[in-house]
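Engineer: If you want the building blocks of each chain, they are given just below.
4 protein chains.
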Amino acid sequence: MTQHGTLGVAVIGTGKMGADHVRRITDVISGARVAAVVDIDAERVKAIADGIKGCAAYTDPAEALADPGVDAVLIASPGPAHEAALLEAFRHDLPVLCEKPLTPDAVSALRVLEAEQKLGHRRVQVGFMRRFDAEYIELKRVLSSGELGRTLMLHNRHRNAYCPPGFTDAMLINDSVVHEMDVTRWLLEQEITAVTVHHPNPSSNAPEGLHDPQFVVFETDGGSLVDVEIFVSCGYGYQVQAEAVCEKGTARIGDQHGLLVNTAGRWGGGIAPDFVARFEEAYDREVQQWVDATRRGEISGPSAWDGYAAAAVCEAGVRAQAEGGRVEVEMIERPAFYR
Amino acid sequence: MTQHGTLGVAVIGTGKMGADHVRRITDVISGARVAAVVDIDAERVKAIADGIKGCAAYTDPAEALADPGVDAVLIASPGPAHEAALLEAFRHDLPVLCEKPLTPDAVSALRVLEAEQKLGHRRVQVGFMRRFDAEYIELKRVLSSGELGRTLMLHNRHRNAYCPPGFTDAMLINDSVVHEMDVTRWLLEQEITAVTVHHPNPSSNAPEGLHDPQFVVFETDGGSLVDVEIFVSCGYGYQVQAEAVCEKGTARIGDQHGLLVNTAGRWGGGIAPDFVARFEEAYDREVQQWVDATRRGEISGPSAWDGYAAAAVCEAGVRAQAEGGRVEVEMIERPAFYR
Amino acid sequence: MTQHGTLGVAVIGTGKMGADHVRRITDVISGARVAAVVDIDAERVKAIADGIKGCAAYTDPAEALADPGVDAVLIASPGPAHEAALLEAFRHDLPVLCEKPLTPDAVSALRVLEAEQKLGHRRVQVGFMRRFDAEYIELKRVLSSGELGRTLMLHNRHRNAYCPPGFTDAMLINDSVVHEMDVTRWLLEQEITAVTVHHPNPSSNAPEGLHDPQFVVFETDGGSLVDVEIFVSCGYGYQVQAEAVCEKGTARIGDQHGLLVNTAGRWGGGIAPDFVARFEEAYDREVQQWVDATRRGEISGPSAWDGYAAAAVCEAGVRAQAEGGRVEVEMIERPAFYR
Amino acid sequence: MTQHGTLGVAVIGTGKMGADHVRRITDVISGARVAAVVDIDAERVKAIADGIKGCAAYTDPAEALADPGVDAVLIASPGPAHEAALLEAFRHDLPVLCEKPLTPDAVSALRVLEAEQKLGHRRVQVGFMRRFDAEYIELKRVLSSGELGRTLMLHNRHRNAYCPPGFTDAMLINDSVVHEMDVTRWLLEQEITAVTVHHPNPSSNAPEGLHDPQFVVFETDGGSLVDVEIFVSCGYGYQVQAEAVCEKGTARIGDQHGLLVNTAGRWGGGIAPDFVARFEEAYDREVQQWVDATRRGEISGPSAWDGYAAAAVCEAGVRAQAEGGRVEVEMIERPAFYR
Ligand SMILES: [Mg+2]
Ligand SMILES: [Mg+2]
Ligand SMILES: [Mg+2]
Ligand SMILES: [Mg+2]
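Chains as they are written, first to last, in the numbering used here: chain S, 1 to 339; chain Z, 340 to 678; chain C, 679 to 1017; chain X, 1018 to 1356.
These are calculated hints, taken from the structure and not from any lab test.
All figures in this text were calculated on a predicted structure; none of them were measured in a lab.
Heads up, the beta-carbon is just placed ideally off N, CA and C, and yes, glycines get one too.
Among the clues, some could well be false.
A partial selection of chain X residues facing chain C, derived with a Cβ cut-off under 10 angstroms [claimed, not checked]:
no. : residue
1   : Gln1273
2   : Trp1284
3   : Gly1286
4   : Ala1299
So that you can see chain S by itself, here it is in the shape it has in the complex (with noise of 0.2 angstroms):
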């Protein structure tokens, strides 16, 4: 791949994010195109090739990064597949983007931690992509500006209309909980130390067995103070808000206040109906960047290191759920490599 040439990226699953990105990539951003799709779904990935010139199918992974027309990898695949997928696109040298999370549990994410540093380079960029939101970048430009001196606390507000089916609770801090995890950590630039579970009484229109809402709080080495309401059968759409408590006053985002309509006695708007119509732009600009940093043979947006460290701290948080009180989040010290 040339500086200037459009470069060929592998997508690794073909689900719902998948098949997204490929949408994405072919019609949406400039300066890359998808070279291969990999699935275990040999019929599903070739109809998705036949469909983009110049696209090759695979089921394998790794015959597909042993293509010459890769030069990226996105993978989206199901997080237990993500170590290995991570581990071939390291062998062949590859610029990785990594849906969430980098993978299930600390120990493994720590392996890929390990094996990137052998790499001498970074390569893998997380999909945390409200950091990509442009309200997100306000709230942040904001609180670094200093014009509200030192943040205090940080109150998140995070609710979906529904959730699928076969959600646990566990799935509610892994899957729900770890955005307002990165988001704290990229926000506050502090590492997130403990974590508490408060459980109000269920929804009754929260599925059977999940505990839904629920009230989670974090302490961060910094001395700051997080709260994150999670709410993922609210019934009524989708909605993430963040407010911030500074020294000299405070940050709110997630109002969502684009179009107001006056009707029937009642003034208001709409709600997004789900995280897709929400964070559409994010994902946008969250892969052009990561399509341009990596033609310009740089590496950008959150790190392993910011995978390996919401893994940990949602290990926490699943133990502080089942287990009640205050549970103290066990990491490594930060390598000097991914400062």
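Position chains Z, C and X with the ligands relative to chain S; hints supplied.
Structural biologist: What follows is chains Z, C and X with the ligands alone, placed relative to chain S:
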């Protein structure tokens, strides 16, 4: 009436507004009591007086104003009866709070002005209650502070869910837009010099024979431009908004964002059903301040001149509405007495 | 006092709140007059009484309550003086509006409860004025209507620009968070059963020795979870917000979006400087409704039980704050008398 | 160009807008590349072309359009040069995205319409980018859905912090209000039939010789009434708002309430500095959709007819501005070709 005594008020007219003022003076505000009620309906007026300690019932305003317990007069009878009641109050040199309009036309309003001037001191406050509304007061404060520079334009929205049966095009000016005429004069401290009325398509919910909504443009002697959307069958609630466009910024009131509810795919809140709900506190404050000033032997609030000016602008508005085009306002010069 | 007569109120304590209530009864609300004022400062109390027709000055509450012109008592003295004043009022069987706290601790509050029960009828209303604020009333209406389903969580923000000198951690619970304790009990109609206090980094604007802000979590006997951000040196203004998270939606008050100004690259509006400005109308409504109910021979509003419950929760809060961890609230069972 | 091939675009004009489109096609959107750039400044155009792989530099539009690598044309030269460039593109039967205005006046626009009709198929999309803005699209969706009934009025605010030197009254119509002309026609699906221009006091910040702000009223052939506040030296930021008043409610966009900050006695947020910031995503979406449609061999978006209509309304607007009073719009009947 001593300076610390309770003000005995005669309320003339016991329709919707009059009855509400009786309740207000009796149960809400301080420093006044209803000493006399007047209505041509003898039974009605007796029933009201019977419920209030020390309150006499009259069918003749002149008799009521001669009652030694009466220290001040609140006129809430129909507009055509105002002139006679005002002149009778002047005969007894009584302070008056006169519901708008001062009188139904500019010529009769002028007679009232002349009569008041003969008293040698002002006695009349006109019931333009928006001047006592917290949001309008705040808007006036911002405009007067000079922080936004001179006011160049004022955009107004005036919407009623429904209008009473028999509402006419002329009433739309005389009863509704008259509030924006007064608000314009008060906020900008300028006189209105010309009126233009634009007619969009009528709503299919407008009553037979009424052109609703209409869009009214005022020019002022200070060179400001004011527009008013008047829509008395908007269906969805009562809404009054004002946005001042100044040299260094704009200021808007009337969004009514008190309680915010998220539910069923929507965010938003409720809209006041009518002017009674929206301006309840403004009415309380208006009457309280009139009572307070009267007990101190002072006069404040909108004067007979403001009532006359509104009548003169209404006449131009009704002509502009009927004839099309731009109609200039005809007014006498403001007497020093009213400066 | 006859049913239609004016209520003669003795105001005990003429500090900031007491003096404001004297003004309120005299100049703002209807149906009552200040018949007696009491303060240990003889000169101060005489100066106040001299300005009000028919008002006597006392330095001894017992003498004041024996004054034949006194029909009811408003206690606005410091908390430690409340118990004696309440018991004295019970001796004369006088209705009482007692500023919060009922008494400074749960044991003394319990003694008041017992004394009131011996009277055989309720006489005490406690001064939790938020129950009379238009936005809180609207929030209560929405929650009670059932349209949003059961309330699962309640998020509260309570911010003061500055706190008075000498403000302590315990006062932060007893004087500030006590409002959210009452609001929680009133909105949810549940008792608080446990309190946890989290300590983020203190603001560098917090006074020496004060841990500010703090983050307080309540559990209730109905299984709801309530969090309160208390921040008494936030610097930028006074702000009280509450967001109820229900099964079918959320409802939030306190955004204070009255006047919207666009200027110099910013849109927005002003923030109330303090609780007097924010809750002015709530205080007016509180005292008016107490006067109205008293004149009808009724009792309404927050009862001595509510004062006791707040004291018991405060004790748990102060312990949780000092000791860390979760502290259970100790309360007697609610007597039938207070149901 | 095959259906799946990358579209080779010639960009004519490399001023502010042209250069931005070059960047957009190269770095932001997918499916297209800049195959040729044209500018009378030979050095400038060479420097741009040198930075883009496979891009040729021209000073003569006719030569550029004859380049075999050119599949489509984006015209971003000054308005007076548009007609020649359009006719040249027609000669090669190339699809065109033409920045507004189509041409500087209605007569020349009519010539373009006639030339396009001779081709036998439509080739022109005009650059009215607001049709691609997310908020306008949402407003259009609400109005088209019928849920609010027919649209009776449309209130518009169009404010720039500052205007470029040499900005004239006519440019205020032709360059600024032209956007509201197109928005009106697009949202209401009605033609504008008459224009009136009101002149309030000019702001003391308006440049010498410019009457700013102005207030423009459109009438439409569907009987709707549209008003536009145009204020190009408002000083505080860039702001575009639209409020549709319908039979069953109103809908407003442009409040821009993304990030809400509380600080120093104020709540609020930031205002976009200029149209580039406000409409950045609209421009991206406009060019992407043009590329997508062109690659499918289709034409969509605002047509040459829309460009002609805007030119005709502008002419009436400029006359109304200069002469005062109401000026009727003169337009030919819409050819079936453009329906
Ligand atoms: Mg692409
Ligand atoms: Mg009274
Ligand atoms: Mg009173
Ligand atoms: Mg491209």
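Engineer: Mind checking the CB of Trp1284(X) against every CB in chain C and telling me if the closest is under 10 angstroms?
Structural biologist: 5 angstroms, holds
Engineer: Going by Cβ atoms only, is Ala1299(X) closer than 10 angstroms to chain C?
Structural biologist: 20 angstroms, violated
Engineer: Given a cut of 10 angstroms on the nearest C-beta pair, is the interface hint for Gly1286(X) held or broken against chain C?
Structural biologist: 6 angstroms, holds
Engineer: Any CB of chain C closer than 10 angstroms to the CB of Gln1273(X)?
Structural biologist: 7 angstroms, holds
Against the hints set out earlier in the document, a violation occurs for number 4 only.
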